[in-house]
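Undergrad: Protein chains in written order, with my numbering: chain V, 1 to 215; chain H, 216 to 399.
There could be a bad hint or two in this list.
[What the hints assert, rightly or not] Computed spacing ranges between beta-carbons, pair by pair: (1) His348(H) / Ile8(V): 40 to 48 angstroms; (2) Gly345(H) / Pro72(V): 52 to 60 angstroms; (3) Leu128(V) / Asp293(H): 22 to 30 angstroms; (4) Ala183(V) / Asp255(H): 27 to 35 angstroms; (5) Asn379(H) / Pro208(V): 30 to 38 angstroms; (6) Gln215(V) / Ser328(H): 47 to 55 angstroms; (7) Ala183(V) / Asp256(H): 48 to 56 angstroms; (8) Ala167(V) / Gly344(H): 32 to 40 angstroms; (9) Gln259(H) / Gly169(V): 50 to 58 angstroms; (10) Leu128(V) / Ala252(H): 33 to 41 angstroms.
Since the hints were derived computationally from the structure, they do not count as laboratory data.
All C-beta atoms in this analysis are idealised placements derived from N, C-alpha and C, irrespective of residue type, glycine included.
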Amino acid sequence: MTGPDDGIERLRAALAAAPAEGDEAGKTEAARIFDALHGELDAEERRAVIASIAQDPEAAEAWRLAHDLAPPAEVSVHTPAPAAPASWRWLGLAAGIALVLGLAWQFVPRPADAPVYRGEPAGDIASLLPAGVPLARTSPVLRWTPLDGARYHVRLFAVDLRPLAEADGLLTAEYVLPPDVLAALAPGATLLWQVEARVSGAEPLVSPTFSTTVQ
Amino acid sequence: MDTHTHSTTTQAAPDWDALSSALARAVRRQCPPWLAADADDIAQQALSKVMRSDKVGEGKPPLAPFYLYRAAHSALVDEIRRRRRRREVALDGVADDDRPAVPEPAHTHTPESAASLRELGAAIRACLGGLSHDRRLAVALHLQGHTVPESARLLGWIVKRTENLVYRGMADLRACLLAKGHTP
Numbered sequence: 001m002t003g004p005d006d007g008i009e010r011l012r013a014a015l016a017a018a019p020a021e022g023d024e025a026g027k028t029e030a031a032r033i034f035d036a037l038h039g040e041l042d043a044e045e046r047r048a049v050i051a052s053i054a055q056d057p058e059a060a061e062a063w064r065l066a067h068d069l070a071p072p073a074e075v076s077v078h079t080p081a082p083a084a085p086a087s088w089r090w091l092g093l094a095a096g097i098a099l100v101l102g103l104a105w106q107f108v109p110r111p112a113d114a115p116v117y118r119g120e121p122a123g124d125i126a127s128l129l130p131a132g133v134p135l136a137r138t139s140p141v142l143r144w145t146p147l148d149g150a151r152y153h154v155r156l157f158a159v160d161l162r163p164l165a166e167a168d169g170l171l172t173a174e175y176v177l178p179p180d181v182l183a184a185l186a187p188g189a190t191l192l193w194q195v196e197a198r199v200s201g202a203e204p205l206v207s208p209t210f211s212t213t214v215q
Numbered sequence: 216m217d218t219h220t221h222s223t224t225t226q227a228a229p230d231w232d233a234l235s236s237a238l239a240r241a242v243r244r245q246c247p248p249w250l251a252a253d254a255d256d257i258a259q260q261a262l263s264k265v266m267r268s269d270k271v272g273e274g275k276p277p278l279a280p281f282y283l284y285r286a287a288h289s290a291l292v293d294e295i296r297r298r299r300r301r302r303e304v305a306l307d308g309v310a311d312d313d314r315p316a317v318p319e320p321a322h323t324h325t326p327e328s329a330a331s332l333r334e335l336g337a338a339i340r341a342c343l344g345g346l347s348h349d350r351r352l353a354v355a356l357h358l359q360g361h362t363v364p365e366s367a368r369l370l371g372w373i374v375k376r377t378e379n380l381v382y383r384g385m386a387d388l389r390a391c392l393l394a395k396g397h398t399p
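Bound-form chain V, shown alone (with noise of 0.2 angstroms):
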């Protein structure tokens, strides 16, 4: 039997020489490509330009670019704490917050059926969101590293803790803030934001509460 990577350098040489042709060449943006690999597009908007790179060598060949074009981390700078100006104040609060979070989180109702035999789940959950980049409201999507067959339970608060929204049983890693939540968070708001993801035989991973400032 053939496996899927059989003679796969080939193919993809293959493919990588293959000659621009049709009115689809080069029709999708350089920044587009970009985003999807690197930025904020959402799954939708991501597969749409992964549809345009196996028909376009052109974009296929911009698309290899973005891949080895990263961009590297921004740089964290730390600054003495007494100092910190007025419109800093709520980041001591927001911390203090995320503990509180972190801490009643371990005291949610677990259910009643929760597998006997467990494990740990592979991994750590973490934010993809680009570090620096307020969440856009175009596409106000909050995304983390996934974990195999893992179903993810998300809850949004405000820096006051109070609730926003919560959504359980998601099959994706990725969760799209509802407009009527959106609507109500003001322009540079803060979003405070949790994952539970649950994999069948393995205890639940919480993730860090994430911080994120909306547009």
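Add chain H to chain V, keeping to what the hints say.
TA: For chain H alone, kept in the frame of chain V given last:
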């Protein structure tokens, strides 16, 4: 993104040398030999375009790395597409400007094997078009060199489903190539 009590995020001044090197390296790795040979020149052209743009200049705050790299990528793609169009015109015998015709590439394949590879590539693309939508997306990323977990994240699917789609999609692709007379 994460909550840091006493930290903030700032943008350092762009490291143009590092960006230029990254652009040239990407061209050498991802472009055909006739373009890769001019990688440094292409990178410099792209970088010049970014530096001339309105958002980068003295007295202006530096772009965040994300936006800088995105602008550089767009400029790079523009430059590559411009050179490709110019070469196509030059090979047809009609230059579109006063520049010298683009030289023929130094082939690493014989003309026959290069033609065979291009034919196979065109057949792959045609076969991809015949796959079911989800298999086509999974195989497209697989052929770009992405791992299954990377593809799953990009497509917003769970890993098991993505793996299954890659496996079945590659089987469909090979069957299609065989039917077209290619040995996959």
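Undergrad: Now look at each hint and say whether the structure bears it out.
TA: The hints, checked one at a time:
1. With their beta carbons about 22 angstroms apart, histidine 348(H) and isoleucine 8(V) fall outside the hinted range of 40 to 48 angstroms.
2. Checked against the given bound of 52 to 60 angstroms, the beta carbons of glycine 345(H) and proline 72(V), roughly 40 angstroms apart, lie outside it.
3. Evaluation of the 22 to 30 angstroms hint for leucine 128(V) and aspartate 293(H) yields a pass: the beta carbon distance comes to about 28 angstroms.
4. For the pair alanine 183(V) and aspartate 255(H), the supplied restraint of 27 to 35 angstroms is violated, since their beta-carbon distance comes to about 50 angstroms.
5. At about 31 angstroms, the beta-carbon gap between asparagine 379(H) and proline 208(V) stays in the expected band of 30 to 38 angstroms.
6. Against the hinted window of 47 to 55 angstroms, the Cβ-Cβ separation of glutamine 215(V) and serine 328(H) comes to about 52 angstroms, which satisfies the hint.
7. The hint said 48 to 56 angstroms for the Cβ distance between alanine 183(V) and aspartate 256(H), and at roughly 50 angstroms that hint holds.
8. In this structure the supplied range 32 to 40 angstroms holds for alanine 167(V) paired with glycine 344(H), their Cβ-Cβ distance being about 36 angstroms.
9. Checked against the hint of 50 to 58 angstroms, the C-beta distance between glutamine 259(H) and glycine 169(V) comes to roughly 52 angstroms, which is consistent with it.
10. At roughly 37 angstroms, the beta carbons of leucine 128(V) and alanine 252(H) sit within the given window of 33 to 41 angstroms.
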